[in-house]
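Chemist: Read top to bottom, the protein sequences are chains A and B.
For the first sequence, the working numbering gives the first residue as -8, with consecutive numbering after it.
For the second sequence, the working numbering gives the first residue as 335, with consecutive numbering after it.
Hints are supplied without guarantee of correctness; some may be wrong.
To be verified - If you anchor each label on the Cβ, the simulated ranges turn out as follows:
#, chain 1, residue 1, chain 2, residue 2, range
1, A, Lys121, B, Gly829, 51 to 59 Å
2, A, Asp119, B, Val890, 57 to 65 Å
3, B, Asn800, A, Ser141, 45 to 53 Å
4, B, Ala507, A, Pro120, 45 to 53 Å
5, B, Gln557, A, Asn78, 44 to 52 Å
Hints listed in this document are in silico derivations from the structure and should not be mistaken for laboratory results.
In this text, all values refer to a predicted model and were calculated from it rather than measured experimentally.
We put the beta carbon where it would ideally sit given N, CA and C, even for glycine.
Chain residues, written in single-letter form:
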Amino acid sequence: MKAICIVSHGPIDCNSGRHIAAIAERLVKHEVDVTVAVPISKPNNNGVKHSFNIVSLDDLRQVRNLASSFSLMYYWSPRKMMVSTHNKISSFTEKQIPYIVHLEDNDLEICMNALNISNEKLAQASVDPKISLNIPDFYCDPFAADLFLSNSKGVTALSTSLLKAIPDWLPRLHFWPAFEPSSISVYSEESISQLRKELNISDEDFIVSYTGNVHPSNVAEVRSLYIAVALVNRMGMPLKLVRSGCDHARLFTDEEWHWINKHVICLGTIDLCQVFNIQKMSTMLVQPGLADTWNECRVPSKIPEYLASGRPVIVPKANIGHCLSHEDNAICLEKANAEQIALALLKWLPKRTKLNQIGSRGACFAAEVLNWDITVQRLLCFIDSI
Amino acid sequence: MQAAHGSNNDQAYNYFKLNKTLYDQIISKQITNSGDPPLVSVIMCVYNTPANVLLATINSVCAQTYTNWELCIVDDHSSSTATKKSLARFKQDKRIKIHYLPINGGISKATNYAIGISSGEFIAFVDHDDILLPNALMQCVERLLACSADIVYTDQATVNQKGKLIHEFRKPAWSPEYFRHVMYVGHLLMFRRTTIEATGLFDSHFDGVQDFEYLLRASEKTQQIEHIPVVLYHWRAIPGSLALSENAKDNISELQAKAVQEHLQRLGIQGIAAPLVGRKHRCRVTPNLNSHPKVSIIIPTKDSPELIERCLHSIFSITTYSNYEVVCVDTGSTDKRAIAILEDSRARLISFVRETFNFSAACNYGADHATGEILIFLNNDTEIITRNWIEELVFYLSIRDVGIAGPLLLYPNDTVQHAGIVIGARGTADHAMRYFPSSSDGYAGSLTCPREVSAVTGACLAIKKNVFQHLEGFSTLYFTHYQDVDLCLKARKLGMRCIFVASARLIHHESLTRGGYYDYIDRLLFIDTWRNSIESGDQYYNPALSLEKIDYSLNVQASKLHNYRQHIYIVIRKLIKKLLNLRAR
Chain A
-8 MKAICIVSHG
2 PIDCNSGRHI
12 AAIAERLVKH
22 EVDVTVAVPI
32 SKPNNNGVKH
42 SFNIVSLDDL
52 RQVRNLASSF
62 SLMYYWSPRK
72 MMVSTHNKIS
82 SFTEKQIPYI
92 VHLEDNDLEI
102 CMNALNISNE
112 KLAQASVDPK
122 ISLNIPDFYC
132 DPFAADLFLS
142 NSKGVTALST
152 SLLKAIPDWL
162 PRLHFWPAFE
172 PSSISVYSEE
182 SISQLRKELN
192 ISDEDFIVSY
202 TGNVHPSNVA
212 EVRSLYIAVA
222 LVNRMGMPLK
232 LVRSGCDHAR
242 LFTDEEWHWI
252 NKHVICLGTI
262 DLCQVFNIQK
272 MSTMLVQPGL
282 ADTWNECRVP
292 SKIPEYLASG
302 RPVIVPKANI
312 GHCLSHEDNA
322 ICLEKANAEQ
332 IALALLKWLP
342 KRTKLNQIGS
352 RGACFAAEVL
362 NWDITVQRLL
372 CFIDSI
Chain B
335 MQAAHGSNND
345 QAYNYFKLNK
355 TLYDQIISKQ
365 ITNSGDPPLV
375 SVIMCVYNTP
385 ANVLLATINS
395 VCAQTYTNWE
405 LCIVDDHSSS
415 TATKKSLARF
425 KQDKRIKIHY
435 LPINGGISKA
445 TNYAIGISSG
455 EFIAFVDHDD
465 ILLPNALMQC
475 VERLLACSAD
485 IVYTDQATVN
495 QKGKLIHEFR
505 KPAWSPEYFR
515 HVMYVGHLLM
525 FRRTTIEATG
535 LFDSHFDGVQ
545 DFEYLLRASE
555 KTQQIEHIPV
565 VLYHWRAIPG
575 SLALSENAKD
585 NISELQAKAV
595 QEHLQRLGIQ
605 GIAAPLVGRK
615 HRCRVTPNLN
625 SHPKVSIIIP
635 TKDSPELIER
645 CLHSIFSITT
655 YSNYEVVCVD
665 TGSTDKRAIA
675 ILEDSRARLI
685 SFVRETFNFS
695 AACNYGADHA
705 TGEILIFLNN
715 DTEIITRNWI
725 EELVFYLSIR
735 DVGIAGPLLL
745 YPNDTVQHAG
755 IVIGARGTAD
765 HAMRYFPSSS
775 DGYAGSLTCP
785 REVSAVTGAC
795 LAIKKNVFQH
805 LEGFSTLYFT
815 HYQDVDLCLK
825 ARKLGMRCIF
835 VASARLIHHE
845 SLTRGGYYDY
855 IDRLLFIDTW
865 RNSIESGDQY
875 YNPALSLEKI
885 DYSLNVQASK
895 LHNYRQHIYI
905 VIRKLIKKLL
915 NLRAR
């Protein structure tokens, strides 16, 4: 029987943790012994019952019997904490435990932006060992990551663009993140009507929503959506933006906010079931962002939920946008910036019938392609092949 | 046009492929820091060079951090024994080839001879009185490799004989139009050998401006010309040098104009080059158009009878171009006098009244009704100064890859209102050299000569109609501001150049019609759309220059570096002096 340890960089209830949990649950159904290691002292603090084991990263690094019991390590990202965990385990296990690595983000760019490391400095560091980058554990040391990936047995990735980061000869598997069907609750039209009334949204208003937090890595994108909503209203089309989640980065200055806020309803943090109600209430759902290297290397976790909701979705032609069909199961923009989002909204919002068709087809796409059961079957074949 | 050098290590640095620019930089650094980096031939011609000057130059090459170079010195039959003695000091250095020509043939012949004895994959041309900074060759090679470029040039600083920095010249990215009028590129030039082979040799007929003429020819073969916005050499102001006096060499302006004229002829550009009167080392290209395409001048206007009357009167009474029409787009005039002026004038009048004023939509409507091949969008608060303003704009638009052109706009007090727009200025975009006197040369000819810019103002913007239609006109999402900059940046994304045309002048009574209103939604839209361009900086406005003042003064960081460099240069001079004294012993 296989015994796999999936090493997470965050708790089980973060976005990545939810992906890991979905995979782990299904691996267990395939009779794989799965343990998930998380970097906190009380690993299962949320009280949810899982069919897989959860241990702390500290235990994994220190308890010899624990690490030695696994036939495969599955590191979720090439961050420094993963590399140091692997090195630690390697130092005390008799045999080298093979490992695979999962790429879910452009950790190189995240590290450079967060630590303000320029291209020039990194390039110079490649030839001058005296340059110290001082990268904390939570981020990716690109030089260590390069070696870590090359020495793995294989790599999985959420985006095909991420697979450029590994040598050609290394086995690889790409899969999209999926949505958990049990999390999509059942709606009623009555509850949606009631919600519109509570939020003081008239029947004539169109609605777009953004249900997620804002942090430094996505603040520019979310700004684009706010600006697009202001533009659409300025062109004479009544449109409301319903926003939930927290802002961990500032979207607008006070002066700018004065021009933008008229058409925004901010709800703050709300329950998950309310999130789905808001998505269902929306005329369209928008994932802003450019079709650039950054977005090619990531898949925002709300896109599978958006598609599964059955509402028509606007996405950039990046990552999963390449697999969607423009004007068929989604609206795919060359760039989902304020200008292009506004023009798309102005064009599509009045076309209710067509939008409903697009939304339905988007939900079918989600059910067929963004499916954890199928993904895990492919993952098992991949693991067997390496 | 490039030769491959070595090969990348395919097993390493794959992770960095997530950032292509970074990856290319790493690979170029790996190559330049490897045991077998590409050979650079540094070419230098000397003729009676003062000993201290020559020694300092040669020692600056010897002090390079880049290790694989050869220095090819050709003495063009110097009569000075001091020069010969200085050269003789280096005869044991295997990296330095010194050849003495039996007769004086001039700098081009000497340079060609030096190219003939060189063997490097890259060739760097250095003047006999320049001082290279220690990292000069390294940075040039890295740039050529990382950007797959064929030619690279750098910023420069002029120093006096005592080593004091006089001023820095911070250059724009490769600007072919600016280069035709101002010899701005300077001395430290590094080429791929394959580019030299494609271009041919230096031409003796242009001795004195031979490097300028050579680069004109090279630019006809390749546009892969990169600029490093770092001061990598010092140009010494010594007797006989143009750095000390622009009169130091005879005949420069005439030779410059001759070089440009032949260059224009080779390219089929319909202009006549001549020295710019009243300015040293500036060329003036006068339009010599074979054809006169129809021009539509589109003026959105509402009321303001004094403004529109003055504007129309100046167009009809001053303009010499024969093939044009004026289309006035009335956006809702109610003033009787304004209506009468519009109805009585020779302009075609069309009405465009909407509930909310949208300048973009009004301009687009005018364009739809225009019959010209070239459109000129003009504010009603302008007046023509230059009679052949349309000829000047049409000339630049006749160049294949020029999409947009804009003139010099002056305030009524004869100071600059618009001389090109800098992206990133004050967080968005703003006019350069505002309030400069109109008689000023600007920064190295940037006010007297045409040059590439990121954008021009919509107050007077000339564009080829087919380009305008391809771009679908001005974006109507902008109601008041920035639609002009947005249009220009979109044209540039298509590979079109925007040209500031200094020789076409108008008066602009700026924002009389709009007052002090500022639309923040337009601002937010502009920043959102062009965030990457704003962050990466305006390629035609050196990153060392102040974006707050936009007057070509150094920004704070560059000023501090300037002062630091002053100090370092003095230290380096003392070290070189010590080294020379040791060698003498």
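Chemist: Confirm or reject each hint.
Modeler: Evaluated hints:
{"no.": "1", "hint": "A/Lys121 x B/Gly829: 51 to 59 Å", "in the structure": "violated, 42 Å"}
{"no.": "2", "hint": "A/Asp119 x B/Val890: 57 to 65 Å", "in the structure": "violated, 28 Å"}
{"no.": "3", "hint": "B/Asn800 x A/Ser141: 45 to 53 Å", "in the structure": "holds, 51 Å"}
{"no.": "4", "hint": "B/Ala507 x A/Pro120: 45 to 53 Å", "in the structure": "violated, 34 Å"}
{"no.": "5", "hint": "B/Gln557 x A/Asn78: 44 to 52 Å", "in the structure": "holds, 49 Å"}
Checked against the numbered hints listed earlier, the structure breaks hints 1, 2 and 4; every other hint is satisfied.
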